[in-house]
Amino acid sequence: MNVLLAATAALLFACGTWLVTTRQLSRIVLGIGLLGHGANLLLLLAGRRGSAPVFGTSDPEGFADPLPQALGLTAIVITFGVTLFLLAMAYRSWQLTGRDEVEDDFEDRFVAANTADAAEVDDEEHAVHAIEQEEGA
Amino acid sequence: MTALVVLPILLPLLGAGLSILIGRRALGQRTLSVAVLATIVTLAAVLLVRVDRDGPVVVQAGGWPAPFGISLVADRFAAIMVLVSSAMLLAVMLYAIGQGGVERERVGFHPVYLVLGAGVCLAFLTGDLFTLYVAFEVMLVASYVLITMGGRADQIRAGMTYVVISLIASALFVVALAFVYSATGTINMADLAGKMAELSPGVRTGLSLLLLAVFGVKAALFPLFFWLPDSYPTAPGPVTAIFAGLLTKVGVYAIIRSQLLLFPPDTFPGGLLLVVAGLTMAIGVFGALAQDDVKRILSFHIVSQIGYMVMGLGLYTLAGLAGAVFYIVHHIVVKTALFLMAGLIERRGGSSRLREVGGFVRSAPVLALLFALPALSLAGLPPFSGFVAKFALVQAAIGESQWPILVVSLAVSLLTMLSMTKIWAGVFWYDADDTLVREPDPNERLGGPPLMVFATAAVVLVSVAVMVAAAPLYALAERTAADLLNPAGYVEAVLGTGAGGGAP
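First to last, the protein sequences are chains C and P. Read in this note's numbering, the first sequence has 111 at position 46, and its numbers run on one by one without any break. Read in this note's numbering, the second sequence has 170 at position 167, and its numbers run on one by one without any break.
By construction, these hints were calculated from the structure, which means they are not laboratory data. Note that this is a predicted model, so its numbers are computed, not measured. Please note that the accuracy of each hint is not assured.
[What the hints assert, rightly or not] When the alpha-carbon atoms are kept at most 20 angstroms apart in a straight line, the in silico SDA-like pairs for lysine to any residue are as follows:
no.	chain 1	residue 1	chain 2	residue 2
1	P	198	P	270
2	P	425	C	175
3	P	198	P	272
4	P	198	P	72
5	P	198	C	175
6	P	425	P	495
7	P	425	P	285
8	P	425	C	178
9	P	198	P	495
10	P	198	P	71
11	P	198	C	130
12	P	425	P	226
13	P	198	P	285
14	P	198	P	220
15	P	198	C	113
[To be verified] Taking CB as the label site, the calculated pair distances span:
no.	chain 1	residue 1	chain 2	residue 2	range
16	C	70	P	402	31 to 39 angstroms
17	C	131	P	205	27 to 35 angstroms
18	C	169	P	13	41 to 49 angstroms
The beta-carbon is built from N, C-alpha and C at its ideal position, and this holds for glycine as well.
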């Protein structure tokens, strides 16, 4: 059972990592969600398994360790909250740009263009950048 | 005594709630925030004096005994950090009020800012690894909101990177917690100090490196720093200033605390830390040299400066750690001052690009002075606080015969000076290359609204005070370093002698 859960956590991490490395914001949000689930599952696995830890229901020796569960609950709530925030940001990004993608950092290209004179970054992109910034402001 | 430890966390949280109720009433929100933050500064000062005199203060939340409940611990290091941070929180709040802008347009600014303050204080004061995670989250969630406040396209773009990177680091933190708990069965830091020593060196090294990676992201260590110069400059002026001053330093605090308290000295990754420190310094300063925007130059310098603090930790000597503690205090103050200046420059010139502003030394001599002092201090020129901090670290490196890191740190200092000169030349000394974005208002004789300039001046004065009081402060840093190197006092204060399942 523990091996199965650990394998599930590994699978969640693998899928989450892959999704986070893509360029679509919606996939990144899903990826972050999966990563969070994987981590929370591991947290749950950290404690001893056993019966429900309520006094008077069974032998205290056989209780499950309630602490990782409490910690996991806290972590789940936090993951839930930040995922919502991330969704709101992704929506705002889509509203502003009409694209569901991670935007390039223009300032980086600007610096690159300034130092390596007239290298690969052409001035067209600056013009686009300037216009987009004005629209954003 | 216990109130001194609990109130820096509780007051801002209560204040945040009240601030939401007050809502759009500007005067009410402002008075409340300033009152709360000023109270915390006072409490933190009293706390530091008492802790320095009588040893660590411990509060067991809810009355649960140590390894089972949540412990709040104020030792010298934590008390110093709370005091410096709350002072900066107060100054930046005054600055934000002076600026208006985001502080007035968004009702949420005051509550979120106070929550950020609570998160920062909790991160310093907690004696429990999971509560540290919660504190990080409280602080980070508040920072997500602050960094995207305004919802502009560039803010969302930069904020997205920042949020995603932070979330991945948080997921890794939870993984680290799970591993720590399954290996030792406890997450109380003082209890862990004893239980970690029982684990095999392999497991211990794995856990310590995992925690280093997690906190390395938050502290912007090489190679995990790339998000910082990208995201910080897009936030509103006061927000960038408080982020620059505090957030990465919370990461550094967590690195120092976890490496020194949790893990016994035999698996201490000193060599690795020194290599990382050297690369962080060098890459940060090279990044800064390539930039053309005041805020981005300063953001890269945050990365570079983090290297110095980690260098002090990596040396693993009393002198090195004392240098690191002093460096953190110096850096928080100076960096906040410089970013407040960047905000003033942007406000006055309409841009923070070097080529688009200029001639400030004639049109705003007060600003020029307020920039010059922290800039020279950051570069490490005598007699400023940066010189004392760097001198301590260099001396520690010589003591340990760590020549490579010594050479790197001195070379990076020189390059820091060079890029500060670049800002000085671009903004203050010469006229703008391009046409000015905005003609500065000739009626503003101070160079900005009085409250903004006053708040900046206050932070600059604190940095001058750090310089003037360098001797007693360095002595305090040495006592702190001695505590950190010998965590027995901390462990005993939390667990009580012979109580709990403490040291073996």
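Consistency of the hints with the structure:
1. P:198 / P:270: Holds - the C-alpha atoms of residue 270 of chain P and residue 198 of chain P are around 14 angstroms apart, at most 20 angstroms.
2. P:425 / C:175: Roughly 18 angstroms between the alpha carbons, so the hint for residue 425 of chain P and residue 175 of chain C holds.
3. P:198 / P:272: 19 angstroms, holds
4. P:198 / P:72: 17 angstroms, holds
5. P:198 / C:175: 52 angstroms, violated
6. P:425 / P:495: Between residue 425 of chain P and residue 495 of chain P the Cα gap is close to 51 angstroms, so the pair fails against 20 angstroms, i.e. violated.
7. P:425 / P:285: 18 angstroms, holds
8. P:425 / C:178: 19 angstroms, holds
9. P:198 / P:495: Judged against 20 angstroms, a Cα distance of about 14 angstroms means the pair holds.
10. P:198 / P:71: 14 angstroms, holds
11. P:198 / C:130: Roughly 18 angstroms separates the two Cα atoms, so the pair holds.
12. P:425 / P:226: With Cα atoms ~26 angstroms apart, residue 425 of chain P and residue 226 of chain P exceed 20 angstroms; violated.
13. P:198 / P:285: Distance ~37 angstroms between residue 198 of chain P and residue 285 of chain P Cα, so the pair is violated.
14. P:198 / P:220: Between residue 198 of chain P and residue 220 of chain P the Cα gap is close to 26 angstroms, so the pair fails against 20 angstroms, i.e. violated.
15. P:198 / C:113: Judged against 20 angstroms, a Cα distance of about 18 angstroms means the pair holds.
16. C:70 / P:402: 31 to 39 angstroms: 50 angstroms, violated
17. C:131 / P:205: 27 to 35 angstroms: 30 angstroms, holds
18. C:169 / P:13: 41 to 49 angstroms: For residue 169 of chain C and residue 13 of chain P the Cβ distance comes to about 43 angstroms; the hint holds.
When each numbered hint is compared with the structure, violations occur for hints 5, 6, 12, 13, 14 and 16.
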